[in-house]
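Chemist: Using the sequences provided together with the hints, build the complete structure.
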Amino acid sequence: MVKKPTYEELEQRVKDLEEKAAGRKHAEEALIETQLRYRDLIESAHDLIQSVRPDGSFAFVNPAWLETLGYGEEELPSLNLFDIIHPDSLQDCQEAFSKTMSGQRVTDIQATFYAKDGREVYMEGGASPCFIEGEVIATHAIFRDHSEHRLTQEALERYVNDLASLSKGATALVELPPEEDIYHVIGKYLKELIGDSIVFV
1 MVKKPTYEEL
11 EQRVKDLEEK
21 AAGRKHAEEA
31 LIETQLRYRD
41 LIESAHDLIQ
51 SVRPDGSFAF
61 VNPAWLETLG
71 YGEEELPSLN
81 LFDIIHPDSL
91 QDCQEAFSKT
101 MSGQRVTDIQ
111 ATFYAKDGRE
121 VYMEGGASPC
131 FIEGEVIATH
141 AIFRDHSEHR
151 LTQEALERYV
161 NDLASLSKGA
171 TALVELPPEE
181 DIYHVIGKYL
191 KELIGDSIVF
201 V
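Residue numbering for the sequence shown follows the working numbering, starting at 1 and increasing by one per position.
The hints are simulated quantities; they were obtained by calculation from the structure and are not laboratory data. Take these hints with a grain of salt, some might be off.
[Stated by the list, open to error] Ranges between beta-carbon positions, derived for each pair:
hint, residue 1, residue 2, range
1, D83, K15, 44 to 54 Å
2, E73, K25, 48 to 58 Å
3, E74, E19, 26 to 36 Å
[To be verified] For lysine-lysine, the following DSS-like pairs were computed, each having C-alpha atoms within a straight-line distance of at most 27 Å:
hint, residue 1, residue 2
4, K3, K15
5, K4, K15
6, K168, K188
7, K15, K25
8, K4, K25
9, K20, K3
10, K25, K3
Beta carbons: idealized from backbone N, C-alpha and C, even for Gly.
Modeler: Here you go:
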């Protein structure tokens, strides 16, 4: 037979529950205060900040994310992280997401996202797990838009390749034996530089 608690025991249990509730309320108030303090910081950041749930849906994105990718806040419920990632980046992003969801921090993510208008936005950043009571409930990621840097780098590489081709052509002209047809050599290097379809020799 189960012994009924005494009045004093019941009173103590109620007191313990009230103390727990008060402690939880105090912790919630402190959490809200902390969230408000950091919300301004996050919302004014130039970097793209996102929080993604285990199913790939967005829990939160900051204004810089919305502005850079062109989506409205009302569109977030229908968006999934993996729907806006370029196919070339998808496998690496899925691996980074899995690592983060397993509790690891990932610091070297490079990915191309699709903006709403179809533009490709090249991102670099990292992601961390968000824990509640020891369980990962979301990922937090911070990205920087490196699209302009990447376009500049690609243009520089094209320029270097064009210079190398011109240098190669100039060297061939200098070393050309007198009996060779100079126009044939020039045409050959012009084809290499600007393409077959335009040059006639």
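Chemist: A separate judgement is required for each hint: does it hold in the structure or not?
Modeler: Hints, one by one, checked against the model:
For the pair D83 and K15, the beta carbons lie near 52 Å from each other, so the given range of 44 to 54 Å is met. For E73 and K25, the hinted distance range of 48 to 58 Å is not satisfied, since their beta carbons lie about 30 Å from each other. In this structure the supplied range 26 to 36 Å is violated for E74 paired with E19, their Cβ-Cβ distance being about 43 Å. Taking the CA atoms of K3 and K15, the gap is near 21 Å; set against the 27 Å cutoff, the hint holds.
Distance restraint check for K4 and K15: the Cα-Cα separation of roughly 18 Å lies within the 27 Å cut-off, and the hinted pair is therefore satisfied. Taking the CA atoms of K168 and K188, the gap is near 11 Å; set against the 27 Å cutoff, the hint holds. For the given pair, K15 sits about 15 Å from K25 by alpha-carbon distance, which is consistent with the 27 Å threshold. For the hint pairing K4 with K25, the CA-to-CA distance comes to about 31 Å; that exceeds 27 Å, so the pair is violated.
Between the alpha carbons of K20 and K3 the distance comes to roughly 25 Å, so the proposed pair stays at or under 27 Å and holds. Using a Cα cut-off of 27 Å, the hinted pair K25 and K3 is violated, with the two alpha carbons roughly 33 Å apart.
Checked against the numbered hints given earlier, this structure breaks hints 2, 3, 8 and 10; the rest are met.
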